[in-house]
Amino acid sequence: MTTPLYDVKNVTLRFGGVTSLNNVTMEHRRGEILAVIGPNGAGKTSLFNSLTGVYRPQEGSITFDRDGSTPLSVIGKKAHRVASAGVARTFQASRMFPAMTAFENVKTGAESHRGFGVIGAMVKGPATRRAERASDERAWELLTFVGLEKQANVVSSSLNYGARRRLEIARGLATNPTVLLLDEPAAGTNPSEKVELTELIRRVRDEMGVSILLIEHDMKLVMSLAERLYVLNFGSVIAEGTPDEIRANPAVIEAYLGAADAGDEKEGR
Amino acid sequence: MKNFFTSPLAKRIGAMVALVATIAVMTGPPGDPTHPMAGFTGSFTERVSFFGLFPAPRGVLFAALGLLAAGVVLMYRRQAQPSVAKLRDKVVPQYHALAAKKPVRGLWYTAVLLVAIVLPHVVTDPFWQSAMVSQIAIYTLLAIGLNVVVGFAGLLDLGFVAFYAIGAYVTAWVTGALPVPAPFHHVIDAFWAIPVAIVFAMIAGVLLGVPTLRLRGDYLAIVTLGFGEIITIFANNLYGITGGSTGSKQIPHFSFHLGSLKYLWGLDPVPYYYLTLGFVVLFLLIFSSLEHSRVGRAWVAIREDEVAAESLGVNPLKYKVMAFAIGAASAGFAGVMTAGQSFFISPSTFTLAFSINILVLVIFGGMGSIMGVVIGSLVVQTISMYLIHTPPAGFQNSDLYIYLGALLIAMMIFRPAGIWPSKRRRREMTPATLEGEAQ
Chain A
1 MTTPLYDVKN VTLRFGGVTS LNNVTMEHRR GEILAVIGPN GAGKTSLFNS
51 LTGVYRPQEG SITFDRDGST PLSVIGKKAH RVASAGVART FQASRMFPAM
101 TAFENVKTGA ESHRGFGVIG AMVKGPATRR AERASDERAW ELLTFVGLEK
151 QANVVSSSLN YGARRRLEIA RGLATNPTVL LLDEPAAGTN PSEKVELTEL
201 IRRVRDEMGV SILLIEHDMK LVMSLAERLY VLNFGSVIAE GTPDEIRANP
251 AVIEAYLGAA DAGDEKEGR
Chain B
1 MKNFFTSPLA KRIGAMVALV ATIAVMTGPP GDPTHPMAGF TGSFTERVSF
51 FGLFPAPRGV LFAALGLLAA GVVLMYRRQA QPSVAKLRDK VVPQYHALAA
101 KKPVRGLWYT AVLLVAIVLP HVVTDPFWQS AMVSQIAIYT LLAIGLNVVV
151 GFAGLLDLGF VAFYAIGAYV TAWVTGALPV PAPFHHVIDA FWAIPVAIVF
201 AMIAGVLLGV PTLRLRGDYL AIVTLGFGEI ITIFANNLYG ITGGSTGSKQ
251 IPHFSFHLGS LKYLWGLDPV PYYYLTLGFV VLFLLIFSSL EHSRVGRAWV
301 AIREDEVAAE SLGVNPLKYK VMAFAIGAAS AGFAGVMTAG QSFFISPSTF
351 TLAFSINILV LVIFGGMGSI MGVVIGSLVV QTISMYLIHT PPAGFQNSDL
401 YIYLGALLIA MMIFRPAGIW PSKRRRREMT PATLEGEAQ
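Protein sequence lines correspond, in order, to chains A and B. The first sequence begins at 1 in this note's numbering and counts up by one. The second sequence begins at 1 in this note's numbering and counts up by one.
If we strip away everything but chain B, and leave its shape as in the complex, we get (with noise of 0.2 Å):
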C-alpha cells in the first residue's frame, strides 16, 4: 500500500485531481464574505450543462474532463516509454538518488497549495483579498520570471519593469482602452490578451537581447535600466497612443468563452486570484522542468564559465537571448494580469523602483531557487503589505523602502545566498563546505 502512495501513477492520479479541483474552484462562483465557503462548495455542486447534452453538478462535469485529461496524459506517456531499458536507474544510482524528490516534499507542495486555494475563503477582508492579487500573486509570477533571467542564466536585468509594462499596454491595446484603435478595429477579450502580449514582450525581449547580451556584468545592467526607462518615458510621452500620464481608459474585465465553457472575471479579486495561483503553478512546473533539463544546464555552464561553455559547443548568445525572452514573456503575462484585474493603468507603476523591488524578491528568497523566490515574495510582499495596512507611527509608503533595505541588509549578513538558496547556488557560494557534499 505504501508503495502505491510513492508509485509514479499516484503521482500523477494526484496531481489531476488537484489540477482539476484547482481549475473546478478557479471558474467557479465566488463566494461572498458572509458565506466564505459558499464559492468554494458553489464550485461543485452549481448545475451546468454537461458539454451541451444536459444539465449536471460542476463536480461531474471537472471529473469527466478530468478523466479525459487523465487518458491523454497515460497515452502520452505510455508513448513516451524508451525503448531502452531503464539504464540510469541501473548505471547511475547515485545520481538517481540525488535527483530523486523525496515524495515528503510532494506532500509538503500538496499542502501549502491546499492553503493557497482555501485562503482566500478564510480572509475575507477587502484589503487583502485585493492585495493577495495585486501585489502578492502577481509579484510572484513577475520574480519566478525574473529568476530565470537572474537566477538561471545569471543576467543582471534592471529594467525588468520594461517588459511588464509592454504586457500591460498591449492588453489595453487590444482591447480598445488606448487612444489608438485596436489593432484592425476588433477589440478582444483581456482574457485573448495574454498570447498577444506574451508574444510582444518576448520580441522586445529578443530585440533587446541580442545587442545588449554580449555585454556582461555591470554593463548589461546599466543598459537594462535604461530600457525600463525609455519604456516609462515613452508611456509617458507619447501621448497619442498611450494616453500619457493619465493613463488608460478603462480595461474591461476578464472573460473566458469556448463553447459551453464561460466565465466573466468581475469586480470581485478572488476569481482574479485563483486564475493568477493557476498561472503561478503552471509557471512553476514549466521553469522547475527547465531548469533541470539541457537548457538549465547550459545556463549553469555559461553562468559557471563561459570560455569553458563555448568550447563545448554551447552558443552563449543564443543561451542568453532564450533567458531574457522567457523572463520578458513571464512579466508581460504579469502586465496582462494587472492590466485586467486593476482594469487601468498609468505609467507611474512602471519606475525602476518596480524593478527594484522584484529583484528584492528573487535576491530575498534565493537567486536560483524556484521554491525560494516564491516564499521570498510572499514573505516580502506580505511585510509590505503589512506595513501598508496598519502603518507603525510616523510610517509613510514611501518609507516601505526603507524597511526593505534593511531586511536586504540583515539578509547578505546572515543569510548571503537566500532564504531558501538553490543547491548548486550554495555550492557556488560556499566551496568550503564542498568537501561535505562529496560522497
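Next comes chain A alone, as it looks inside the complex (with noise of 0.2 Å):
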C-alpha cells in the first residue's frame, strides 16, 4: 500500500466558541471513491473547506500527496495553490461562472493551470495559439465525457440544474486533478438525473483515474457508489467502514440513518 492521497491527522477547526472539527483523522486511499457522511451541521463542508485551503484548522495536520512523492501540508496554503497541486473541487450551491458560456467555464478550467504568458496574450504569440488550441480541445473532451457537447454554447446560468452539477464535474476536470472532492453532487436533481450522476462519478474514477471523495445526503447513491464512508457526528468522525458496514453500525443508524430517513420522507412528499 502506498502513501495515501489525502492523510488528516487530529484536526480540529474552531469559528469562536464553535467547534466545527473535533480532532478528526481520515485518510483517502487513492484511487477510491470515498464518502463522508453526516447529518446538517455535522462538518462535513467544513472539512472539505479545511482539505481544500479555503478554512484553516486550529489543530492537527492535513497533507496531500498527489503521486506518493511530493507531499504538500495543506494547512496555511492559500486555496489556489492547493487547487494546482491537484485537488479540484464542486460546491454545494453549484457556483459556476454565469456569464460565460459552458464551452468558456470548461476552458477556463483547462487553461488555469498552464503558464503566465501575459505578454504572449498580448500579441497572440504562437505558445499561445498552441495552448488555446489545447485547451480547446481538452474542454470539448471533458464536455463530451460529462455528456454536454450539445449545450456548449449555452451560457450557464440557463442550464438546468443536473447539467450545471455535470458542467462543474467537467470544469473541475479540466485542471487535471488528482483528486475531485464532491460537496452535494445530486442535491437539487431528479431522480434520473442521480442515476446519470452515479454513473457519471464512477467513469471519472474508473477512465479518467481520478480519486473522488464526496457529501451527500441521498442515502442511495452513496451506498451504492462509495467504496468506504466516514460518518461525522456534531464534528467527530463516529464510525468509519464499508457501506455494509456502516449499515449495521448502531451507532451511525442512532445518530444519522434514522434521522436521514425521516428527512427523504420528508423531501420526497
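Simulated from the structure, these hints should not be mistaken for lab results. Treat the numbers as computed from the prediction; the structure is a model and nothing was measured. By construction, the Cβ of each residue, glycine as well, lies at the ideal position given by its N, Cα and C atoms. Hints may contain errors.
Unchecked claim - No farther apart than 25 Å at their CA atoms in a straight line, the calculated lysine to any residue pairs in the SDA-like style are these:
no. : chain 1 : residue 1 : chain 2 : residue 2
1   : A       : LYS124    : B       : SER134
2   : B       : LYS11     : A       : MET96
3   : A       : LYS78     : B       : ASN315
4   : A       : LYS150    : A       : ALA187
5   : A       : LYS78     : B       : GLU306
6   : B       : LYS318    : A       : GLY117
7   : A       : LYS77     : B       : LYS423
8   : A       : LYS78     : A       : ARG129
9   : B       : LYS11     : B       : SER134
10  : A       : LYS78     : B       : SER134
11  : A       : LYS78     : B       : ARG214
12  : B       : LYS318    : A       : TYR55
13  : B       : LYS318    : A       : ARG129
14  : A       : LYS77     : B       : MET371
15  : A       : LYS77     : B       : ASN315
16  : B       : LYS423    : A       : TYR55
17  : B       : LYS423    : A       : GLU149
18  : B       : LYS318    : A       : LYS150
19  : B       : LYS423    : A       : THR45
20  : A       : LYS194    : A       : GLU59
21  : A       : LYS77     : B       : TYR109
22  : A       : LYS78     : B       : TYR109
23  : A       : LYS77     : A       : THR45
24  : B       : LYS318    : A       : PRO126
25  : B       : LYS249    : B       : SER134
26  : A       : LYS124    : B       : TYR109
Said to hold, decoys possible - Cβ-to-Cβ under 7 Å is the rule here; a few derived chain B residues that face chain A:
no. : residue
27  : VAL17
28  : LYS262
29  : LEU264
30  : GLY266
31  : ASP268
32  : SER288
33  : LEU290
34  : ARG297
35  : GLU306
36  : GLY313
37  : ASN315
Please dock the two separately framed chains into a single complex, following the hints provided.
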C-alpha cells in the first residue's frame, strides 16, 4: 500500500467558541471513491473547506500527496495553491461563472494551470495559440465526457440543475486533478439525473483515474457509489467502514440514518 | 473573389497596408490650415533618404518597410501553424461561429480609422485640433487603460490619475524639466521617456496593488482614492523635487531619431494627434487580444466568482495585480503624451475630478467593452469640449460636471450597461434575456 492521497490527522477547526471539526482523523486512499456522511451541521463542508485550503484548522495536519512522492501540507496554503497541486472540487450550491457559456467555463478550468504568458496573450504569439487550441480540445473532450457537448454554447446560468452539476464536474476535471471533491453533487437533481450522475462519477474514477471524495445526503446514491465511508456527527468521526458495515453500525443508525430516512420522506413529499 | 476578400491573408495584407500608411502619415510633414491635405499627400511624396542609399519618395520607403514587415509576419505565422489539425474548427463549430468576427465589422473599423486619419485635415479650427489630442485622444487612451482595471478585472479604481501623474512627472524628470536633475545627469528625449514612464507607472501599480488588492469593492475604491490624493499632494508639496504648485519647467517636444528615420514634433497638434492615434490603435489591438485570452477569461472568472476561480487554481491576487499594472502602464503612457504635448505640467491637472472623468467615460461607453469605451470617450469628451468652446449663456467651465452628471444619470436609467456593452456584461446585468441567447 502506497501512501494515502489525503492524510488527515487530528484536525480541529473552531470558529470562535464553536468547534466545527473535533479531532478528525481520516485517510483517502489512492483511487478510491470515499464518502463523508453525517447530519446537517456535522461539519462535512467545513472538512471540505479545510481540505481545499479555504479554511485553516487550528490543530492537526492535512497532507495531500499527488503522486506518492510530493507531500503538500495543506494547512496554511491558499486555495488556489492547493487546487494547482491537483485538487478539484465542486460546491454545494453550484458555482458556475454565470455569464460564461458552458464551453468557456470548462476552458477556464483547462487553462488555469498553464503558464503565465501575459505578453504572449497580448500579441497572440504561437505558444499562446497552441495553448488556446490545446485548451479548446481539452474542454471539448470533457464536455463530451459529461454529455454536455450539445449545450456547449449555452450560457451556464440558463442550464438546468443536473446539467450545471455535470458542468461543474467537467470544469473541475479540466484542471487535471488527482482527486475530485464533490460537495452534495446530487442536491436538487431529479431521480433520473441522479442515476446519470452516479454513472458519471463512477466513470470519472474508472476512465480518468481520478479519486473521488464526496459528501452526500442521498443515502441510496452514497451506498451504491462509495467504497468506504466516514460518518461525522457534531464535528467528530463516529464511524468508518464499507457501506455494509456502516449500515449495520448501531451508533450510525442512531445518529444519522434514522434522521436521514425521516428527512428523505419529507423531501419525497 | 469574394472569398479572397474575407480570407485571413487578405485581412493581413489590408491590416499591413493600413498600418504602414498610418505610420507614414503620422511621421510625415504636418499640413497647414490653408492647404489641409498638404500634410497627407506630402507624407507620401516628400523625398527622403532610402535607408541612406539614395533619395526616394516617402511612399516608396514605407512600401519597402511594409513589405519587410509583411515578410516577417508571414514567416512568424507559418511557424505558428500548429501541427494539430484545426480541431477547433471541426469539433466546435458553434463555438467558432460565436467567436468569428463578421467581415462587416472589420470594414467598419477600417472606415472609422480612415475617418480618424483624415479628420485633422478637415477640422482645421485650432481649438478643435488641440482638443482632439489633449482632450479626446489622450482621454481615450486613459479610458481604454482604466477599462482593463474596472471593466475586465472588476476593480473600482478611483485613483487612476495617480499613474497618469507619475507618467507625466517621470517625463519631466528624464527630460530635465524638474528641479531635481535628470537620472545620471543625462537628459533624454521625451519620446524615450515612454518606456521609462511605463516602467515607473507599472512599479507604482504593483506597489499599490499587492497590499490593497486583497480588499474588495468599496474598500479598494477608498484606498485607491487615497493614493490618488497622496500623489497630488506630493506633487504640490515636494517643492524641491516636483516644482510644487508652479509645476515643471518647459518640457521639450517629442523627437525621434533612429538611424535615417528622424522626426521632430513641434507646436502643431496634428503630428501629436497621429502619434496618439497610432498608440490608441495599438492599445486597442493589444487589449482586445488580452480580453479574449486566458488572462481575460481568468479576470472574468475572478469577477464573477472568486471562490470558484480559486478552486480551479487561479490566483486572484496575481491577476488583479496584473490588471492594475497594465492599467497603470497605459495611464503612465498617457502621462508622457500629455507632458510632451503640453510642454508643461502642474499638480492642478491631477485631481480626483480627473479620475472621475475617466471613470465616467468607461461607464458611459460600457464597462468591459473596448469599442464601447472608445465611443464613450469620443462622445462624452466631444460634448465637454463643445460646451467649453461654444458655451451656452451663463455656462462656466465648472458647470461641466453638472452636465456630465445628468448624462450619467440618464444612462443609468435607459442603458445601465453602457452605450455599447460587452456581450458578457450584458449577460451579467440582464439575466432575464439569457434564454434568448441559448441555442
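How the hints compare with the structure:
Distance restraint check for A:LYS124 and B:SER134: the Cα-Cα separation of roughly 31 Å exceeds the 25 Å cut-off, and the hinted pair is therefore not satisfied. With a CA separation close to 37 Å, the supplied pair B:LYS11 and A:MET96 exceeds the 25 Å bound. A distance of roughly 9 Å separates the Cα atoms of A:LYS78 and B:ASN315; the hinted pair therefore holds under the 25 Å criterion. For the hint linking A:LYS150 to A:ALA187, the alpha-carbon distance of about 23 Å falls within 25 Å, and the restraint holds.
Using a Cα cut-off of 25 Å, the hinted pair A:LYS78 and B:GLU306 holds, with the two alpha carbons roughly 13 Å apart. With a CA separation close to 13 Å, the supplied pair B:LYS318 and A:GLY117 stays within the 25 Å bound. Of the supplied pair hints, the one linking A:LYS77 and B:LYS423 is violated, its CA atoms being roughly 36 Å apart against a limit of 25 Å. Restraint check: the Cα-Cα separation between A:LYS78 and A:ARG129 comes to about 30 Å, which exceeds 25 Å; the hinted pair is violated.
This hinted pair does not check out: B:LYS11 and B:SER134 have alpha carbons roughly 32 Å apart, beyond 25 Å. Between A:LYS78 and B:SER134 the CA atoms are separated by roughly 45 Å; this puts the pair beyond 25 Å, and the hint is violated. For the suggested pair A:LYS78 and B:ARG214, the alpha carbons sit about 13 Å apart, so the restraint of at most 25 Å is met. About 20 Å separates the Cα atoms of B:LYS318 and A:TYR55, which keeps this hinted pair within 25 Å; it holds.
Distance hint between B:LYS318 and A:ARG129 is fulfilled; the C-alpha atoms sit about 22 Å from each other, no more than 25 Å. Restraint check for A:LYS77 and B:MET371: the C-alpha separation of about 40 Å exceeds 25 Å, so the hint is violated. Distance restraint check for A:LYS77 and B:ASN315: the Cα-Cα separation of roughly 12 Å lies within the 25 Å cut-off, and the hinted pair is therefore satisfied. A distance of roughly 35 Å separates the Cα atoms of B:LYS423 and A:TYR55; the hinted pair therefore is violated under the 25 Å criterion.
For the proposed pair B:LYS423 and A:GLU149, the alpha carbon gap of about 22 Å is at most 25 Å, so the pair holds. Between the alpha carbons of B:LYS318 and A:LYS150 the distance comes to roughly 34 Å, so the proposed pair goes past 25 Å and is violated. The suggested pairing of B:LYS423 with A:THR45 is violated, with an alpha-carbon distance near 35 Å, which exceeds 25 Å. For the suggested pair A:LYS194 and A:GLU59, the alpha carbons sit about 37 Å apart, so the restraint of at most 25 Å is broken.
At most 25 Å may separate the alpha-carbon atoms for a hinted pair to count; A:LYS77 and B:TYR109 exceed this at roughly 47 Å. For the proposed pair A:LYS78 and B:TYR109, the alpha carbon gap of about 44 Å is over 25 Å, so the pair is violated. Using a Cα cut-off of 25 Å, the hinted pair A:LYS77 and A:THR45 holds, with the two alpha carbons roughly 18 Å apart. Straight-line distance between C-alpha atoms of B:LYS318 and A:PRO126 comes to about 24 Å, which keeps the hinted pair within the 25 Å bound.
For the given pair, B:LYS249 sits about 19 Å from B:SER134 by alpha-carbon distance, which is consistent with the 25 Å threshold. Our distance criterion of 25 Å between C-alpha atoms is met by A:LYS124 and B:TYR109, whose separation comes to about 20 Å. Annotation: B:VAL17 was flagged as interfacial toward chain A, and the flag is violated, the nearest CB pair being 20 Å apart, outside 7 Å. Proximity of B:LYS262 to chain A is violated relative to the hint, the smallest CB-CB distance being about 28 Å (cut-off 7 Å).
Taking 7 Å as the C-beta cut-off, the interface hint given for B:LEU264 is violated, the closest approach to chain A being about 30 Å. With 7 Å as the threshold, the beta carbon of B:GLY266 stays out of range of chain A, its nearest partner Cβ sitting at about 32 Å, so the hint is violated. Because the beta carbon of B:ASP268 sits about 32 Å from the nearest beta carbon in chain A, more than 7 Å, this interface hint is broken. For B:SER288, the interface hint is violated, since its Cβ never comes within 7 Å of a Cβ in chain A; the closest pair sits about 10 Å apart.
Checking B:LEU290 against chain A by beta carbon gives a least distance of about 5 Å; that is within 7 Å, so the hint holds. Of the supplied interface hints, the one on B:ARG297 holds, with its beta-carbon coming within about 5 Å of a beta-carbon of chain A, less than 7 Å. Proximity of B:GLU306 to chain A is violated relative to the hint, the smallest CB-CB distance being about 10 Å (cut-off 7 Å). The beta carbon of B:GLY313 comes within 4 Å of a beta carbon in chain A, closer than 7 Å, and the hint placing it at the interface holds.
Among the interface hints, the one on B:ASN315 holds; its C-beta lies about 5 Å from the nearest C-beta in chain A, closer than the 7 Å criterion.
The structure fails to meet hints 1, 2, 7, 8, 9, 10, 14, 16, 18, 19, 20, 21, 22, 27, 28, 29, 30, 31, 32 and 35 from the earlier list, while all remaining hints are met.
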